[in-house]
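2 protein chains.
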Amino acid sequence: MTWLDVAPDSPFGVANLPYGVFSVGDAAPRVGVRIGDRVLDLATALNDRVFAAPALNPFMAQGPAAWASTRDRITELLVDERHRGVVEPALTPLADARLHLPFEVGDYVDFYASEHHASNVGRMFRPNSDPLTPNWKHLPIGYHGRSGTILPSGTPITRPNGQRKAPDDAAPTFGPSRRLDIEAEVGFVVGAGSPLGSPVPVGEFAQHVFGVCLVNDWSSRDLQAWEYVPLGPFLGKSFGTSVSPWIVPLAALEHARVAPPPRDPEPLPYLADDGDWGLDLAIEVRLNGHLVSRPPFREMYWTPAQMLAHMTVNGASTRTGDLYASGTVSGPEPDQRGSLIELSWGGKEPFALPDGTTRGFLEDGDEVAISATAPGPNGARIGFGEVTGRIEPAAG
Amino acid sequence: MTWLDVAPDSPFGVANLPYGVFSVGDAAPRVGVRIGDRVLDLATALNDRVFAAPALNPFMAQGPAAWASTRDRITELLVDERHRGVVEPALTPLADARLHLPFEVGDYVDFYASEHHASNVGRMFRPNSDPLTPNWKHLPIGYHGRSGTILPSGTPITRPNGQRKAPDDAAPTFGPSRRLDIEAEVGFVVGAGSPLGSPVPVGEFAQHVFGVCLVNDWSSRDLQAWEYVPLGPFLGKSFGTSVSPWIVPLAALEHARVAPPPRDPEPLPYLADDGDWGLDLAIEVRLNGHLVSRPPFREMYWTPAQMLAHMTVNGASTRTGDLYASGTVSGPEPDQRGSLIELSWGGKEPFALPDGTTRGFLEDGDEVAISATAPGPNGARIGFGEVTGRIEPAAG
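Protein sequences appear in the order of chains A and B.
When we follow this note's numbering, the leftmost residue of the first sequence carries the number 1034, and every step to the right adds one.
When we follow this note's numbering, the leftmost residue of the second sequence carries the number 1034, and every step to the right adds one.
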């Protein structure tokens, strides 16, 4: 318990302590930790210039021992009231803070690790084949995305223009995407990199990954469908990918760890589980304020530890600030699907909103908010906050 | 003509002046320009600290007017002997210089712009379909690669481990790639970025792209074949991509500009040609010193100006240091193919080397060097130097 005025059931209590980058007025952005509805300025409270940076990268690069000792020091400040004199001058109400992209992104990789999502999309995109490709249960499929268009939560998303061609069209046409979608995902931020030629085993996940955020991988389904064979998604994704402002450290997720679902067939030895890195995150997707889906992250077939092991098994290096995302999180139930293309089954079964309108895909002006919580100690919840974005009309 | 002792037919005369990053002994890396077989230290010669950086990025970010005036100033130093006193102390023999990665890489995109290459690979990878996918002649197909594993020329390439599954195998196995390959490509370096929501028209290519280098996109064909459906290449490429040390500025390639091949069907208006940005680069691929291919870049179906226009038409931003590569350059003739999978037709028709050995794919110890020249003024050639790499055995 903290001596600060934070509700005992706050998802941002001392069991959480997520990191972000904030600024107040015209001051330079710096690193803070969220406690309740306030931000603790770490450069001031800990008297450490590594937190005076406009990104978490310098701190993350210090590695897991520094992450642990910093978390201990912050916890002590917040639970022992004798530190009131140090803490109070370093607190800013969240309402007065502007939140920034919390880290400088190295490489961005997007996985495809939900069996339910991959099966649903496979049925729609490749109706004459098995929904899962033959490789799907042998390796966590992933691809590189555009790191330069990773955007802080709240950045408006302009509907992209591009080529699209319906199966019946004789030739592609150019114009605004007609099938603009979301993908509710969970992102993993590499804090301590790994050199070229040094694969990261499944068991060393927590020595490299600093924390977890939420990702909305905005997707243009019509651009994607026309371009993606044979080299994968490109412009259908690269116009923007939004991330939540708070990076929840792995240490805050000890109570969220669960065994992943059983895998059949058994994966190759380099992908064998080592520690339970399934995570029981309860995600909620809201469209214009209305809850439209509750994707359960614990259903994911591949864990983030397996994703990192796979991504590096060929000797590829990782860097501080690399982001990899899970792919769309979808559960087995219809109201657990993490994309509109699944919720509306390719637009053929539009779903109703309480205002009487229906949606197949996103309309201009639509606002999407993805949030999540996870189990914490003693029945508390660990909050991720939310990643939001509003659709602006396409450029003329 | 320069007053320096440089052969009149040197591919590194004053008509070229490519930029790189070099160091001597333990001194910090800094920006230099190659003249003949020497490097001119620009921070010293021009008395400008922007060149004291270990990457071209700060200079490139200054934009096309600065690129032009800097080239004028360097040219003047080298053609007017009155500057001998300034120039000579700033020269280092190339043999004494260590060359580094010339720029800090933002995003890396790899295109697939050779019709001959795409047709050859299509025939091998998808024997029961048309060699070109239906989208191929409508848009320059591309995908994002791993920027953290862009390597300076000469970095040893360790044979990657990974999953591979031959069509007849019941299940994938794990181990060293058996079909390790090269891809001879040309890379384009973005100097002046473009903001989110601002597509770069074909006609504005030269306002954004700073220069051109050579790329070897090392490829593991067995890893790639098993993983790439449906989201594209990942571990089959991400273990390493080598780039040449010298960035040839666009201004040095005025005499290399040619009309691209005729396009049929006519591309959509945003991809219409505006200025001839086909480039007459003559590439040579050497394996253990033996010339094995001469890919002609002028045969490429899509120009780099079209690639940039496509990459940004959805509103995606670009940043200083972004690299995009052409994809394998292959010409219509068998000895113009830019990858071993084409030269050996999937390994089925191994080709002979003068030492009596044959190759389907790369063997441990093989060394690959890709070089290129382009037409310059008055019959001179513009040299790109080379990108090299030697295969090390897989990790045990």
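Just so you know, the hints here were simulated from the structure itself, not pulled from any lab data.
Mixed in with the good hints there might be a few duds.
Because identical chains cannot be distinguished in the list, a pair is counted as satisfied if it fits within a single copy or across any two copies.
[Claimed, not checked] The list that follows gives simulated cross-link-like pairs (lysine to any residue, SDA-like), each with its CA atoms no further than 25 Å apart:
(1) K1381 - V1291
(2) K1170 - A1099
(3) K1170 - A1086
(4) K1170 - A1258
(5) K1381 - N1161
(6) K1381 - S1231
(7) K1170 - V1262
(8) K1381 - D1307
(9) K1198 - D1306
(10) K1198 - S1152
(11) K1170 - A1204
Hints, one by one, checked against the model:
no.	hint	in the structure
1	K1381 - V1291	neither (36 Å within a copy, 48 Å between copies)
2	K1170 - A1099	neither (36 Å within a copy, 53 Å between copies)
3	K1170 - A1086	neither (41 Å within a copy, 47 Å between copies)
4	K1170 - A1258	both (23 Å within a copy, 16 Å between copies)
5	K1381 - N1161	within (18 Å within a copy, 31 Å between copies)
6	K1381 - S1231	neither (47 Å within a copy, 33 Å between copies)
7	K1170 - V1262	both (21 Å within a copy, 13 Å between copies)
8	K1381 - D1307	neither (42 Å within a copy, 41 Å between copies)
9	K1198 - D1306	between (42 Å within a copy, 22 Å between copies)
10	K1198 - S1152	both (23 Å within a copy, 22 Å between copies)
11	K1170 - A1204	between (36 Å within a copy, 11 Å between copies)
Going through the hint list in order, the structure does not satisfy hints 1, 2, 3, 6 and 8.
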